[in-house]
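Participant: Between the sequences and the hints, there should be enough to build the whole structure, so can you do that?
For reference, the chains in residue letters:
Protein chains: 2
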Amino acid sequence: MVKKQRLVVIGGVAAGASAAAKAKRTNPESEVILLERGPFISYGSCGMPALVAGMIPSADELIARDPQEFARRGVEVRTQHQVMEVDAENKRVLVAELTAGREYSLAYDDLVIAMGADAIRPKLPGLDLDGVFVLRTLADGLAISEALKTHRPRSVAVIGAGYVGLLMAAAFRAHDLPVTVVEMAPQVMVNLDEDMSMLVLDEVRSHGVRVLLNDKLVRCEGRNRVEKVVTESEEIPADLVLLAIGVRPNTRLAQEAGVQLGAGGAIAVDKHMRTNVAGIYAAGDCAEAVLQVTGDKVYIPLGTTANKQGRVAGANVAGMDCTFEGIAGTAATKVFGLEVARTGLTEREAVTKGFSVHTSRITAKDRSGYYPGASRLDVKLVIDAGGRRLLGGQLIGASGAVKRVDVLAAAIYAQMTVDDLTHFDYSYTPSAASVWDATLIAANVTSRCK
Amino acid sequence: MVKKQRLVVIGGVAAGASAAAKAKRTNPESEVILLERGPFISYGSCGMPALVAGMIPSADELIARDPQEFARRGVEVRTQHQVMEVDAENKRVLVAELTAGREYSLAYDDLVIAMGADAIRPKLPGLDLDGVFVLRTLADGLAISEALKTHRPRSVAVIGAGYVGLLMAAAFRAHDLPVTVVEMAPQVMVNLDEDMSMLVLDEVRSHGVRVLLNDKLVRCEGRNRVEKVVTESEEIPADLVLLAIGVRPNTRLAQEAGVQLGAGGAIAVDKHMRTNVAGIYAAGDCAEAVLQVTGDKVYIPLGTTANKQGRVAGANVAGMDCTFEGIAGTAATKVFGLEVARTGLTEREAVTKGFSVHTSRITAKDRSGYYPGASRLDVKLVIDAGGRRLLGGQLIGASGAVKRVDVLAAAIYAQMTVDDLTHFDYSYTPSAASVWDATLIAANVTSRCK
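In order, the protein sequences belong to chains U and A. Position 165 (the first sequence) corresponds to 165 in my numbering; numbering is contiguous. Position 259 (the second sequence) corresponds to 259 in my numbering; numbering is contiguous.
Heads up, none of these hints are tricks.
Copies of one chain are not kept apart here, so a pair can be met inside one copy or by any two copies together.
Taking lysine to aspartate or glutamate and the EDC-like style, the derived pairs with C-alpha atoms no more than 20 angstroms apart in a straight line are:
1. LYS271 with ASP321
2. LYS149 with GLU227
3. LYS271 with ASP419
4. LYS365 with GLU61
5. LYS123 with GLU235
6. LYS271 with ASP420
7. LYS365 with ASP60
8. LYS216 with ASP128
9. LYS216 with GLU235
Honestly, the hints are just simulated from the structure, not real lab data.
Facilitator: Quick look at the structure:
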């Protein structure tokens with residue numbers, strides 16, 4: 001009798017859920033066990049700010065597939081089962097069953113580590129006070145929603161003006177709360193160039209958010225519950241504080257098992273999502289990725305990448321030959337009424353990488369100027385001045401910014417030049433584009449027609 | 001003294017206006033004269049259905065630049081000046097000044113023919129009755145708007161279920177008029193595959209439009225004004241009739257001047273928009289273009305192509321070295337509440353061209369399923385079964401269809417495979433995409449991971 005192959009997946013949010021589902025679908029004969037330390041699996045983390053804002057009626061909506069649905073597809077899900085140790089030599093994991101308070105050992109043939117990342121909590125005084133939150137897991141999101149109801153906070157401080165910080169600032173404003181955002185950098189959204197980030201800053205401020213730039217959290221103060229935030233420059237009354245200063249890959253177990261780390265301290269992986277240890281794959285927010293535009297390994301944890309990496313890992317475990325060909329550096333969000341999207345390198349990043357950079361920055365419309373609802377759309381392209389290759393792009397506008405970045409991501413994947421961009425046959429209809437698409441305008445103004 | 005170069009441009013809507021503006025901007029020393037037989041120049045034809053529907057307050061909104069603005073930029077515009085003859089040997093055009101009833105001869109160094117296309121009026125009885133319209137020029141659009149006001153028609157027949165026919169059906173429905181559309185083909189929008197066109201047909205019918213397929217106009221009847229339309233299968237009462245069965249390139253003058261015609265009877269041009277006659281360029285709806293996916297010369301008159309070809313012609317006249325690298329076959333529209341976009345070849349077109357075709361057809365969402373406003377998005381990819389090259393794509397949905405086609409157009413331009421499509425770093429934020437973008441899903445389900 002042929003021994004049934006067993007895949008164990010550690011972590012069930014994005015990469016893990018994708019890996020498990022893909023492996024079972026590809027090889028129905030295999031046994032697939034998904035271990036998740038938290039109470040929920042397979043959910044859309046990026047929807048949590050909308051949940052807190054009250055735009056989504058229930059957390060159930062964020063859950064793509066529950067354990068029962070996985071079970072119907074033949075994947076065994078064990079929530080609140082935390083892996084404590086990986087024994088790579090004997091191909092076993094030690095699992096703590098959190099609700100039962102006992103441990104057991106589980107053998108695997110293949111292991112996918114999809115343990116994600118944890119929110120960074122700096123070692124500063126007062127961050128353990130009640131009312132100080134991070135937003136990483138669905139449980140975090142529910143805790144914040146609950147705090148809004150039960151504690152009825154009167155003012156909020158958000159530490160960090162990245163995607164999570166600004167989305168949550170908007171979510172708190174949706175509850176009519178006064179919000180102060182504290183950002184260490186001289187701009188919001190440091191993965192945009194400063195000139196583009198100014199548009200976001202204006203939008204955030206116009207919705208009543210106070211933004212302190214070049215300022216740093218020193219401590220939180222309060223008796224039991226947080227009452228204020230002390231920064232380098234001022235004291236801000238706040239009975240709800242969100243720390244949104246980034247994440248750190250969850251790699252301790254992997255490292256202890258002899259798995260090598262790579263970019264940004266994340267798990268080093270090849271294109272097949274294999275680690276250096278036989279039979280161990282890694283995917284998602286605990287793993288690194290190749291940045292297509294430079295070929296560098298980077299650590300940019302995002303849900304899209306996690307799902308794709310998980311799918312590739314699952315397919316390979318199941319005997320296919322799939323590769324993850326890296327990321328372009330695409331990221332997008334909607335902050336209040338403004339869509340923000342970027343891909344590739346910013347001007348600042350490109351200069352830092354040693355490129356001789358040329359940029360094209362234009363302001364156009366998302367649709368024909370005469371069409372109802374037409375709104376401003378800003379486009380910035382970053383170009384290698386030598387070879388004219390597109391290195392990156394940023395788009396910001398009330399509508400039409402997010403999906404327009406895909407064509408730039410495609411161009412980056414294929415190493416195309418800004419002149420190639422002028423030759424794409426962009427779609428046009430007055431309700432969704434102008435006859436000269438905003439992206440085409442940005443390419444045209446810098447094209448030389450050689 | 002150096003003789004000033006004189007560029008004469010015939011036709012001032014899209015290609016002509018772009019050519020004149022680009023030539024003057026590139027070489028401010030040149031003399032540029034723009035001759036237009038109609039009363040308006042530089043307007044967005046595609047906005048006319050929205051104008052007739054009452055979504056746009058005035059036709060002025062559709063005009064990008066008026067003659068005064070061109071004059072400020074140094075381009076002399078002569079409206080209602082119709083060119084009657086091109087004397088290529090002596091480099092002169094014979095111009096009729098329509099309002100004054102006189103003719104004059106005008107010398108040129110370079111000539112750009114941007115005479116557009118005329119609506120096809122079949123030779124059938126009754127089409128010269130009052131109340132029978134075509135929609136081609138802004139004057140046509142204004143005439144229809146005027147007829148709606150002054151004649152208050154009670155029911156409308158539209159002949160042809162292409163882009164113009166369906167957009168105008170929607171415009172008439174916005175005035176609460178009963179509308180019947182008569183289409184010769186067995187489907188609406190023949191540049192979609194039939195399976196995708198069914199979604200459009202459902203949308204049109206759900207908005208109260210009666211659609212007769214496989215039916216043909218025989219004649220119009222009425223005393224002075226049209227009263228009914230007779231088709232092969234029935235008689236339809238209609239006191240306003242729109243003929244929307246396509247266009248024919250306006251090439252008579254060019255042909256008489258010795259200019260060669262090419263695909264679809266349009267003017268044959270090279271990548272520089274040069275005709276076979278020295279000093280004569282052609283651009284826009286009177287000219288052919290190369291279809292990137294096959295390399296074939298085709299005649300697909302569209303505003304985007306016209307503007308780009310005009311710009312290239314103008315740049316080259318002014319001494320630059322620019323090329324028009326063809327079209328992907330992109331076209332888009334919004335019919336009632338449905339965005340419709342396509343590029344490349346349909347399955348039917350690909351089979352006709354001799355490809356062994358593989359398709360991928362999926363139904364997904366335009367944004368995260370839990371996000372307010374999420375709507376259905378259908379994607380069909382057409383793939384060369386041999387080399388796996390992307391041959392075409394069609395997207396239909398309430399939102400997000402139009403701009404998603406650009407990434408397919410970019411892939412077609414660069415001759416990429418459907419497997420390449422799986423490696424693009426598509427943007428994601430819950431308000432504008434799902435974490436697996438609809439296009440990515442369509443590519444993934446057909447990917448083999450080799």
